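Chains A and B, in that order, give the protein sequences. Mapping of the first sequence onto the numbering used here: position 354 corresponds to residue 354, and the numbering continues sequentially without gaps. To convert, take the position in the second sequence, counting from 1, and add 1000; that gives the numbering used here.
Mixed in with the good hints, there may be bad ones.
Have a look at the derived ranges for each label pair, beta carbon to beta carbon [unchecked claim]:
(1) B/K1197 x A/S514: 43 to 53 Å
(2) A/N508 x B/K1054: 50 to 60 Å
(3) B/S1053 x A/N508: 21 to 31 Å
(4) A/A250 x B/S1053: 13 to 23 Å
(5) B/H1159 x A/A250: 23 to 33 Å
Straight line, CA to CA, 27 Å or less: simulated DSSO-like cross-link-like pairs of lysine-lysine [what the hints assert, rightly or not]:
(6) A/K532 x A/K384
(7) B/K1050 x A/K61
(8) A/K440 x A/K454
(9) A/K2 x A/K175
(10) A/K47 x A/K61
(11) A/K62 x B/K1057
(12) B/K1120 x A/K61
(13) A/K517 x A/K538
(14) B/K1077 x B/K1135
(15) B/K1124 x A/K84
(16) B/K1197 x A/K103
(17) A/K84 x B/K1199
(18) B/K1199 x A/K127
(19) A/K10 x B/K1050
(20) B/K1126 x A/K61
(21) B/K1054 x A/K62
(22) A/K68 x B/K1120
(23) A/K103 x A/K47
(24) B/K1197 x A/K127
(25) A/K182 x A/K103
(26) B/K1124 x A/K68
(27) A/K454 x A/K472
(28) A/K84 x B/K1150
(29) B/K1150 x B/K1126
(30) A/K446 x A/K418
(31) B/K1126 x A/K68
(32) B/K1199 x A/K517
(33) A/K342 x A/K216
(34) A/K68 x B/K1057
Think of the hints as simulated: they come from the structure by calculation, not from any bench. Small disclaimer: the values here were computed from a predicted structure and weren't measured. Where is the CB? At the ideal position from N, CA and C, for every residue including glycine.
Single-letter residue listing:
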Amino acid sequence: MKKTLIINLKRFGDIFQTGHLVSTLRKNQPNHEIHLLCYEECATSTKILKGITKVHTLDRKKITSYYKNNIYSDGLAINDLQQKMEEVNRESFDRVINYSNDKTSTYLSSFLANSTTEIAGISFTPKQTINYSNNSAIILNDIVTQTDFTPFNFNDLYHQLVEETYTELSVEKVKSNKMHDKTALNNLDRLRAIKNDDSSSVSIVGFQICSSSVLKDIPFDTLTKVIKSVFDHPNMVPIIIIAPTAKERAFSNKVNDVFDNKLVSVESDFIALPSVLKNIDLLVTPDTSVKHLADLVDTPVLEVSLGHAPFMKQGTINTRSAIITAPPHLRIFKEGGEPEEKIRETNSRLSETLIFHTILSLLGTEGGSVENEISDFCVYRPVKVVDGIYHMPVSGPISGLFEAKRVLGRAIIQKIFKGVVDENLIESSYTKIDRRDFQKAIEEEKEALSMLTKELLSTLRGLIQTQESKTKAPAFIEALEKLLSRCFDRNLAALPALVFRAQIESLNSDSLESNFKEVEALLYTLKDNLQKSLSVYKTCEEIGYGVKSIQRRSEIRNQK
Amino acid sequence: MDNSHFTNSTIVEVKSSKTDLPVPVVNNVHLHSIYNPEREAEGFVGASEKTLSKSSKILVFGLGFGYHIAKMEQRLKALYPNGYQVFVIEPNQELYRKWKDLRPNIFSPNIKVISYSEVKDFYKDKELVEFLSEKPGILPHPASFQLNDKFFKTFMSFHYPTSIMESLYFIEDEKLISYLQNEDTSQSTSELIERVKNKGFLQGYDFLTLALDEMVEGR
Chain A
1 MKKTLIINLK RFGDIFQTGH LVSTLRKNQP NHEIHLLCYE ECATSTKILK
51 GITKVHTLDR KKITSYYKNN IYSDGLAIND LQQKMEEVNR ESFDRVINYS
101 NDKTSTYLSS FLANSTTEIA GISFTPKQTI NYSNNSAIIL NDIVTQTDFT
151 PFNFNDLYHQ LVEETYTELS VEKVKSNKMH DKTALNNLDR LRAIKNDDSS
201 SVSIVGFQIC SSSVLKDIPF DTLTKVIKSV FDHPNMVPII IIAPTAKERA
251 FSNKVNDVFD NKLVSVESDF IALPSVLKNI DLLVTPDTSV KHLADLVDTP
301 VLEVSLGHAP FMKQGTINTR SAIITAPPHL RIFKEGGEPE EKIRETNSRL
351 SETLIFHTIL SLLGTEGGSV ENEISDFCVY RPVKVVDGIY HMPVSGPISG
401 LFEAKRVLGR AIIQKIFKGV VDENLIESSY TKIDRRDFQK AIEEEKEALS
451 MLTKELLSTL RGLIQTQESK TKAPAFIEAL EKLLSRCFDR NLAALPALVF
501 RAQIESLNSD SLESNFKEVE ALLYTLKDNL QKSLSVYKTC EEIGYGVKSI
551 QRRSEIRNQK
Chain B
1001 MDNSHFTNST IVEVKSSKTD LPVPVVNNVH LHSIYNPERE AEGFVGASEK
1051 TLSKSSKILV FGLGFGYHIA KMEQRLKALY PNGYQVFVIE PNQELYRKWK
1101 DLRPNIFSPN IKVISYSEVK DFYKDKELVE FLSEKPGILP HPASFQLNDK
1151 FFKTFMSFHY PTSIMESLYF IEDEKLISYL QNEDTSQSTS ELIERVKNKG
1201 FLQGYDFLTL ALDEMVEGR
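In isolation and in its complexed conformation, chain B is listed as follows (with noise of 0.2 Å):
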């Protein structure tokens, strides 16, 4: 599902801020302080103290034009001198695009910023995944929020399509990739399970197959 369907075909315009700051507005929305988005971005750390002090890894939803990843960022190496991780998702490619040629802040290889089309893309890169299985504390960055909220909204409910092919994306081994592929690939990983669960002559992948069923069932 493209994204523009959250954002609604968004127009970005860049403003000036009074300290001389490029400012994106979108749709007429400006996402960051017209008079000064590096104070106003102060404001917004003060405010999530409470999750940065829980955790060196932190989701962000909303780029705008990074003024509080960079203020967040000077806070989490005060907070964990040791290492954090940061990633900021945005939904909205002409965006990034304008932040990416404008670069008005520079951030540490610690955060990654990710953009893409569709919300099922996100969850198909592999090291935002990866980090999200960790935990991360969450910030919303308010009018990023609020511009895209049916997207966020979108993103914390989704599920991810649990057919057999769906799976596959994420296969790394050829053996794997052709076991998987000798089933029916439109069932799903628990019919996949019941189907071995009742095979007459297990081998090779089944026998993991039905240790992954029994581990996760906590067995």
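Same shape as in the complex, but just chain A (with noise of 0.2 Å):
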């Protein structure tokens, strides 16, 4: 028996997701036990994940509180974190997964590494440069972080990390104990009973009112008008989620007392929850945990994505669901970076229609078609693509050039790391993104492109000249810095700069002479990438030209 540990030291929606990775692994690679190491503040919820053989925790807490306070010595930080890390070494891993991707994680993966324990993810190599173990950790260590267009979502790159790819699995992910799952069943089957006399017609909406900020959190009259109208609807029941926290029973009396008291508010932990989560028929949440929580019990979720609440990476990944959204290219997806006014602004013209309309539709209830919904707000839903899930717009006031640059992102990416672009996905953007936006985003990229290939040829030839006399070097170094700055560029020619920003801080040669050599390389492999996006560009016109579909039909005919 091989063994894997998972490191997450995120927070326990991400500790939820890890159950995707987690029952790929145990379907797949069925000799391998898994290993989880987390923080001990976040222990709790590992518990309800199948499959994990042994949990690790280190007490950040403790440690910190070591480190920081003056009263204690640091020698017990230093010692709680080397006995606690020595513990989970003699485990003798085979394989380490850096999950978090964190700089703490990738240190103690690091610590971890030898010859007999490979790392997936990132690691430091003893000169501290970055060690990739594949191309899709590139892509989740320098390129999603990086980008506005997100081409990727993380659980898809955290399979490609151990050379999985993420498919609905009809397994149980969640661990749920026999009679909790018994007395939510009784209890939700009474309510729909209550409700009609055809119980079997009714369906119970769970809404988990509480996130981490106010700002991801539905305005307080759109989430009771639309618990409202959820009430009011003959097959359709609301029912309140909550942890078992006083500000999260404060909060459900609050909109309960709009109801009095009539609605049914159900206070679950963490070890409850799955058993309440599966035998609703949909969870109407922002941006929390419980999200990830219902994924993996496969109950559809209707995720209303607001503040800096980041979907496209760590949106819902059930193709069931929906994802409500302001226009994504007007979001800035990081805490902080809007002014709260005008999250607050914004979150205001969330209207309870959509809302209810897009619940509607993701129950399969008369009237809840969301296409030709007129709202403030886009409506995306996950779709099932070869390599993973893709966010697919619906409805709203979308950006035609955003969604055809996201697109061309996700191609531009497989085409440098897997030499193919998934050509029905591009395919079947064109039935939602006009062909003019398609050929305006690529008339834009290709003139970045162009810049790009001046600077370079420019370091190309820097380099050149450096070589045959050092004099020459600062005009190579201000050359290559001007090409590294592209990295930062808001357009999809940054991505290639950023694959090969990725190469450059991997290089660990020992003397300057092999280090040109290594960089001279790159900048050829550069070169290639930036032909290989131009390829890309080409499919995509061709596609949206109908030309490839000709040249399909003649191939099939050729076949026959």
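Assembling the complex is the task here: the two chains are given apart, and the hints tell you how they should meet.
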């Protein structure tokens, strides 16, 4: 039996999300025992994940208190961390997955790396350069963190780190208590029966109402109006789902006051929550950890993504779910990136009608089409594509230009790293995005690519001159810096530039001479990647003009 | 630093209360009521109700002869049937010895009484330090606190020396000890971290040192 350790030092939602990877590994790599390393304060959320042999924890709060508080010796912090990590090391893992991809997890992965322990994700080399285990590690660490267009979601990338592809498996990912399951089923069935004699036609809609930030929460008035619509519907029952905290209890009471306390409020901890989620028909939630848990138990989610909630990276991935968002090209997916007042003003324009109609649509209830809904907000749905999940626009004031660039960005990454493009995704995107938007995006991007090409050629020239005479080095360095600054551009040319930067940063040469050679090789790789970007634009144009489908038809004819 | 500096080379006498219980008298200060120390202890517990109801972990400044501790334990048992923990710190070692000889009251193993000669020694007690890291409620025994106020104030504002040399006391692993001893042991941990950051070649515990830095800085 081999052993895999997943290091995830993030919070509850991210820990739940690990459940997808764990279940994929359980199915496809059954000879691996799976362990998880997380912070003590989040360990409760690991208890419900199926397939984890052992959970190791670091008591960050205690270690930090020992280190930061002057009354304690720093030795206590050093000792605590070392003792725990030696315990982890004694397990002799064959593979460590640096899942949370932060600096702490990367140093810990580097500590655990040795000749028999391979690292999936990034780790540091002895020379403090980054070691990428594969191309997905570059995408995860350098591309999705830097770009507006977020070509891949995190869950897909975590899978690709271990050469897997995410599929919606029909296996249980979460442990649930049989008694809790039965109680939840009975209680919710009773609610269905009270609502309508034909209880099988009644859907339970759970509302999870509190997120980590009030700026991510559905505004109170909008929330209560949606609940009212569900409450008044002959075939729906709303319930409020809360965590056992004073804050959530108080908020639930405030909502319930509007309904003369007629709403059912279900209070449950992480252990009981899966039983509740499994037995409802839909969860309506802002960006919360519960959303990830609903994905794990395969309950559809209507995610209302507000504020800085990062839906393209970490939105619901259930293909029966939907996401309501302000037009993503206008959003800043970074906490503190927008003034609070602006976020509140945007959120105040969220209409209860859109939320309610999306609920109807997800439940397959009459009147539930959102395609022609007029709103300031957009609806997206996760769709299955060849290499994972893609969030496809469905309705709303979607920017065709932004969406075209998102599709093109994904295709460029596919072309650079896999050599092939998901043409089906481009083709289906043409049904959502105007061809003129695609064309405009391609024109803009070709221009950016041309600028980058010029800078690349100037850098190559500088390198060649420097090899001939060292006095030319400053000009080369300046050209290289200019080239690398393209990583911060808000266009798709930044993608090959980011790949180049990642490769440059992981160079390990001992001598200046071999460094020059490696940089030269990477500059030619960049040149090749620029060509690949161009070929993606050409493919996209061909699909848009129907050339590809004519080619395909002719291929089929020839085969016949 | 010796606690006698704080406790002023005290003379500990033991008198008998009206209720026939031993009462320590330090430098002519009675640490419990000479009439009825147990009833007085009930008053102490009543006045401490807020702290006791907030936390099952209590740090008491001052042992006296422990009447207040015994009464407090009764209350903690009622409040926390699943468990509680108390540390009592007493700077006067002479008083502590006399209390051990006379043992006027019996505590459960949940109560730990400790007395050391130096403030720093308290912070070298791993069990106490672990307990302090859990942020216990603090209850000063008024008479003991007044008598040893300098000690307790120093205890609360203590700064543990930051050098690697001083840290070594807490390191259990031999390999880690030799890693740290290979460094300049007079430097502080934060200086060590900076040095490791600038190393040309990282290995083994270097990565752990930098992980510690990232973790505690919340990055």
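Task: Hinted pair A/K2 and A/K175, Cα distance within 27 Å - done: holds, 23 Å
Task: Status of the given 13 to 23 Å range, CB of B/S1053 versus CB of A/A250 - done: With a Cβ separation near 22 Å, A/A250 and B/S1053 satisfy 13 to 23 Å, so the hint holds.
Task: Satisfaction of hint between A/K384 and A/K532, Cα-Cα up to 27 Å - done: holds, 25 Å
Open item on the list: Does A/K127 sit within 27 Å of B/K1199, going by the straight-line distance between their CA atoms?
Closed with: Holds: B/K1199 and A/K127 sit about 8 Å apart, inside 27 Å.
TODO: Measure nothing beyond the straight line between the CA atoms of A/K454 and A/K472; if it is 27 Å or shorter, mark the hint as holding.
DONE: holds, 19 Å
Open item on the list: Next pair to validate is B/K1126 with A/K68; report whether the Cα-Cα distance is within 27 Å.
Closed with: Holds, at about 17 Å.
Task: Pair hint outcome, B/K1054 versus A/K62 [Cα-Cα no greater than 27 Å] - done: This hinted pair holds, its Cα atoms lying about 20 Å apart.
Task: A/K440 paired with A/K454 [C-alpha distance capped at 27 Å] - done: holds, 22 Å
- [ ] Decide if the proposed pair is consistent with the structure: A/K47 and A/K61, CA atoms, cutoff 27 Å inclusive.
- [x] Satisfied, since the Cα-Cα distance of roughly 20 Å is no more than 27 Å.
Open item on the list: Run the distance test for A/K342 versus A/K216: straight-line Cα separation, threshold 27 Å.
Closed with: holds, 13 Å
TODO: With a cut-off of 27 Å on the C-alpha distance, tell me whether B/K1124 and A/K84 pass.
DONE: Roughly 20 Å separates the two Cα atoms, so the pair holds.
Open item on the list: Check the hint pairing B/K1150 with B/K1126 against an upper bound of 27 Å on the C-alpha distance.
Closed with: Holds, at roughly 23 Å.
The structure fails hints 1, 3, 5, 13, 19, 25, 28 (numbered hints given earlier, in ascending order).
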